[in-house]
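Quick mapping for you: the protein sequence lines, in order, are chains A and B. Numbering follows full-length UniProt numbering, in which position 233 of the first sequence is assigned residue number 233; successive positions increment by one, without gaps. Numbering follows full-length UniProt numbering, in which position 440 of the second sequence is assigned residue number 440; successive positions increment by one, without gaps.
Any given hint could be a false lead.
In the DSS-like style, the derived pairs of lysine-lysine whose C-alpha atoms are separated by at most 25 Å in a straight line are [said to hold, decoys possible]:
(1) A:K118 <-> B:K267
(2) B:K251 <-> A:K118
(3) B:K439 <-> A:K95
(4) A:K96 <-> B:K251
Don't read these hints as lab results, they were simulated from the structure.
This is what each chain is made of:
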Amino acid sequence: MSQENLTVPTMAEMMAQGKQPEVLFWVGCSGSFDDRAKKITKAFVKILNQANVPFAVLGTEESCTGDPAKRAGNEFLFQMQAMMNIEVLNGYEVKKIVTACPHCFNTIKNEYPGLGGKYEVVHHTEFLKSLLDDGRLTIEGGQFKGKKITFHDPCYLGRANNVYEAPRDLIEKLDAELVEMKRSRRNGLCCGAGGAQMFKEPEKGDKDVNVERTEDALETNPEIIAAGCPFCNTMLTDGVKAKNREANVQVMDVAELIANAKDL
Amino acid sequence: MSYIDNILFVLILAAGFGYFARNIKKLIRNIKLGRDIDRTDNPKERWANMTRIALGQSKMVRRPVAGILHIIVYVGFVVINIELLEIIIDGIFGTHRLFSFMGGFYNVLIGFFEILALGVIVSVAIFYIRRNIIKLWRFAHGDLKGWPKSDGNIILYFETVLMLLFLTMNAADFHLQMAGAEHYIAAGSFPISQFIEPIFSGMSEGTVIIIERAAWWMHITGILIFMNYLYFSKHLHILLAFPNTFYANLKPKGQFDNLESVTNEVKLMMDPNADPFAAPAGDAAEAPAKFGASDVQDLNWVQLMNAYTCTECGRCTSSCPANLTGKKLSPRKIMMDTRDRVEEVGRNIDANNGTFVDDGKSLLNDYITQEELWACTSCNGCVEACPVNIDPLSIIMDMRRYLVMEQSAAPTELNNMMTNVENNGAPWQYSQMDRLNWKDEA
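So here's chain A without its partners, still in its complex pose (with noise of 0.2 Å):
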């Protein structure tokens, strides 16, 4: 995989050159920061290059939305950091916006609005199917070909926004065989990471959470788990070691699996 040649125009770029981007790419803190979660970042720059989408993120204008302290019950803090990101994508005119978290995506999409940022929200997985199905990017089956996927289903993507669909058909566009684990869809078990969990110990238990998930995706005997959340990945790879499995089981993120099947 080559590294170079992302293209990454920020906001503040295109505006001085009067150009206005197709939508913007909101990177989060975990597509910025998290080394894992990073590399979906690449590999969706990668498509998003690849298939010539003017884009643009707002790099270092852009910050947390506030979701893990909305979720931790610090409503003050959610909104301070809310209205501080709405006043800058307002300020770029910003109308669409595209994300690889899910955490992200349901805090732009529901919880700006009624505080005065208003924008199409769409998850990374949408806009790749409609890229897909505008006929702007191709999906080849490559080395994924008849290869074991199961999905796990986030739940800010599913439960929360009802999108099940979207990173199905994409899978399924690799020729790979994608199977179901017995919780999935709106059933779909929590890989444990959500309302601010990420950030703390789990509370006394006889299990982690992500453990119990991981056992029901490993059921399926997949030779990888996907994801479409970078805290999901975090938890799945996680149980995956907890179980040896990682010699054979990879986790990726549907971004990653698209960008490696055309070898980007």
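Keeping the supplied structure of chain A fixed, place chain B upon it in accordance with the hints.
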């Protein structure tokens, strides 16, 4: 002719409905202890939801075994209660099987009731087995220890006895009809109770009349008692499922409400022209609203109605990632605790001539512990699983808000996370200026 029967019947009826009305008034008062929330938007979608989810049982059948058995019991009770109308009119006016003038249709009706009654008995028996013999996980769960477990079984006993009385009454009636007893006109068809009828052969007509009358009286008083039991039981769901689905949240499940009081303060904070020393506009004397919820009065009325609607089926808890992995949190318990506390507050108001006198207790800590609240992943699994759209997550979130904004009592790691968000715009300690570094990293 003696009117003692009729008078006695009217008295029992009046007592039954009177006490019921009194408790319903209390129920409404208790629900109204909650904060106001407007749930009257989109009436069309609300009616549709109620029709589909409460009337149509669409979420019940997601678990097909329980769902189908439940539909039999539900349809049985709703339909057989048409018969109640006849019983009440007969009781008041001393008539017998007044509706029999409908002829063939009446026969079909009674026959259908009987088949449903048998269906109810069989389903209830299976429910009993699932609860007490197979001990399904969600029924053997610790949440139901003590009274809730008995409550579940009492309901099943009641339903069985009522159905058996109905069938006995019909069987005795059928026997008397065939024997040509006076007053017992030939009416109805008895596809089930005809098999009970032979036990009366050899008994004197007088005895069978006593049995028939006894079954009739016990059936109607039993129904009145059962109706009055509802207020004290999880069985209230048979009434509240309807308003509960009507007033349920219509927004995406991931959307948590933005607290307006916070919005006003944040706007003021961010407004460069705001005068920090200005006197607050409007009702300056009004105390600032409490953030979040520590007791039932801080919750909204829909959340309190949710608590009364919960029938403790445990589908929420069996979908909860925290509970499934042995954590203390159980969404069902959140609802049961909320109801227990609102009942306690209601009793306090009753005992103090209509005003609540601080009892030194609260929903937080005395009923729901912080450990439970911090175990939630906000995954909405419980909300999705509830067959009547109860929202335990909203209560958990409101209580977290109280803990964090009123008491600064978040777990240390979450405080660290929030400090990071506040200082550098990310939940981890990375500088906002490094946000785009990934672009150039190999």
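Evaluated hints:
Restraint check: the Cα-Cα separation between K118 (chain A) and K267 (chain B) comes to about 17 Å, which is no more than 25 Å; the hinted pair holds. Between K251 (chain B) and K118 (chain A) the alpha-carbon distance is near 16 Å, which keeps this suggested pair within the 25 Å criterion. Distance restraint check for K439 (chain B) and K95 (chain A): the Cα-Cα separation of roughly 24 Å lies within the 25 Å cut-off, and the hinted pair is therefore satisfied. Taken as a hint, the K96 (chain A) and K251 (chain B) pair is honoured in the structure, with Cα atoms around 21 Å apart against an allowance of 25 Å.
Violated hints are absent here; each numbered hint is respected by the structure.
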